[in-house]
Amino acid sequence: MGLKEIYQWDRRMAEKLRRFQLPQSYQTVGLAIAIIAFVGLIARKFMTTEPDWIRSLCLNLILVGLLTISLSKEKVEDEYIAMLRSRSYQFAFIMGVLYVLIQPYVTYAVEYLFNPEEAEVQMSYFQAIAFMLMVQLLFFKVFLKKCS
Amino acid sequence: MKNTVKVQRVILDLTQEELAEKIGVSRQTISSIEKGRYVPSTVLALKLSKLFNKPIHEFFSLEEED
Numbered sequence: 001m002g003l004k005e006i007y008q009w010d011r012r013m014a015e016k017l018r019r020f021q022l023p024q025s026y027q028t029v030g031l032a033i034a035i036i037a038f039v040g041l042i043a044r045k046f047m048t049t050e051p052d053w054i055r056s057l058c059l060n061l062i063l064v065g066l067l068t069i070s071l072s073k074e075k076v077e078d079e080y081i082a083m084l085r086s087r088s089y090q091f092a093f094i095m096g097v098l099y100v101l102i103q104p105y106v107t108y109a110v111e112y113l114f115n116p117e118e119a120e121v122q123m124s125y126f127q128a129i130a131f132m133l134m135v136q137l138l139f140f141k142v143f144l145k146k147c148s
Numbered sequence: 001m002k003n004t005v006k007v008q009r010v011i012l013d014l015t016q017e018e019l020a021e022k023i024g025v026s027r028q029t030i031s032s033i034e035k036g037r038y039v040p041s042t043v044l045a046l047k048l049s050k051l052f053n054k055p056i057h058e059f060f061s062l063e064e065e066d
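Line order of the protein sequences matches chains A and B. Each residue of the first sequence is one higher than the one before, counting from 1 in this note's numbering. Each residue of the second sequence is one higher than the one before, counting from 1 in this note's numbering.
Hints in this document: simulated from the structure, not taken from any laboratory. Among the hints, a few may not be true.
Here are the in silico distance ranges between beta carbons for each label pair [what the hints assert, rightly or not]:
#1 A:12 x B:21: 31 to 41 Å
#2 B:51 x A:8: 31 to 41 Å
#3 B:63 x A:122: 23 to 33 Å
#4 A:35 x B:46: 43 to 53 Å
#5 A:89 x B:66: 26 to 36 Å
Subject to a maximum C-alpha distance of 30 Å in a straight line, what follows is the list of computed DSBU-like cross-link-like pairs (lysine-lysine) [claimed, not checked]:
#6 A:141 x B:54
#7 B:50 x B:22
#8 B:47 x B:22
#9 B:35 x B:22
#10 A:73 x B:35
#11 A:141 x B:2
#12 B:47 x A:75
#13 A:146 x B:47
We put the beta carbon where it would ideally sit given N, CA and C, even for glycine.
Work out the full structure: start from the sequences and follow the hints.
Below you can see the structure in the form of structure tokens.
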């Protein structure tokens, strides 16, 4: 396989990935997954004993739910909706980077006020990814609403 | 870029929803084009031209800053 064929294959795969979208019905599926996982996260607070992996599973399922909604089509998909979606991903990426840079220090400052000994600069992958997904969904819905 | 898509649509007595359906786009797209918020692609402009039965330059025109 020559270099040219490899480039062409790469381009085809990138195009397929860019166009990948789930059917519109998956918006409901994603929402259901996220809500069930969130309820599970709350419910574990009332359990006397529970394995450690349940919290991790619930957090990951919330991310899966949000991602599923993000990848789902709207009722009508056209070039304008695709542009709005692309713009919302741009915003989410930029705000996500800013959030990861700034938020740990804000948390540290707040924690320091209440408990100086235990305050530390930290950021979990869940916070970063959940923030980006929520910002993307929010901006996309706002953009859609603005042109209705 | 400015356009008279709304005028052409009204001439054909179509709602935004009906026009959107005829050319296979969302109602939001038609609304945004009419308000000048979105410049459609060549393909979409040609579809509008075919539906209105008018050349593109009769309902799309450049503004000074373009």
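Tested hints:
Against the hinted window of 31 to 41 Å, the Cβ-Cβ separation of residue 12 of chain A and residue 21 of chain B comes to about 32 Å, which satisfies the hint. For residue 51 of chain B paired with residue 8 of chain A, a C-beta distance near 37 Å keeps the hint of 31 to 41 Å intact. A beta carbon spacing of about 51 Å between residue 63 of chain B and residue 122 of chain A contradicts the range 23 to 33 Å that was offered as a hint. Checked against the hint of 43 to 53 Å, the C-beta distance between residue 35 of chain A and residue 46 of chain B comes to roughly 44 Å, which is consistent with it.
Checked against the hint of 26 to 36 Å, the C-beta distance between residue 89 of chain A and residue 66 of chain B comes to roughly 27 Å, which is consistent with it. The straight-line distance between the Cα atoms of residue 141 of chain A and residue 54 of chain B is roughly 35 Å, outside the 30 Å bound, and the hint therefore fails. Of the supplied pair hints, the one linking residue 50 of chain B and residue 22 of chain B holds, its CA atoms being roughly 11 Å apart against a limit of 30 Å. The suggested pairing of residue 47 of chain B with residue 22 of chain B holds, with an alpha-carbon distance near 9 Å, which does not exceed 30 Å.
Between the alpha carbons of residue 35 of chain B and residue 22 of chain B the distance comes to roughly 19 Å, so the proposed pair stays at or under 30 Å and holds. Between residue 73 of chain A and residue 35 of chain B the CA atoms are separated by roughly 25 Å; this keeps the pair inside 30 Å, and the hint holds. Of the pairs offered as hints, the one joining residue 141 of chain A and residue 2 of chain B holds, with about 26 Å between alpha carbons and a cut-off of 30 Å not exceeded. Distance check on the hinted pair: residue 47 of chain B and residue 75 of chain A sit about 21 Å apart at the alpha-carbon level, within 30 Å; holds.
At roughly 25 Å between alpha-carbon atoms, residue 146 of chain A and residue 47 of chain B fall within 30 Å of each other, so this suggested pair holds.
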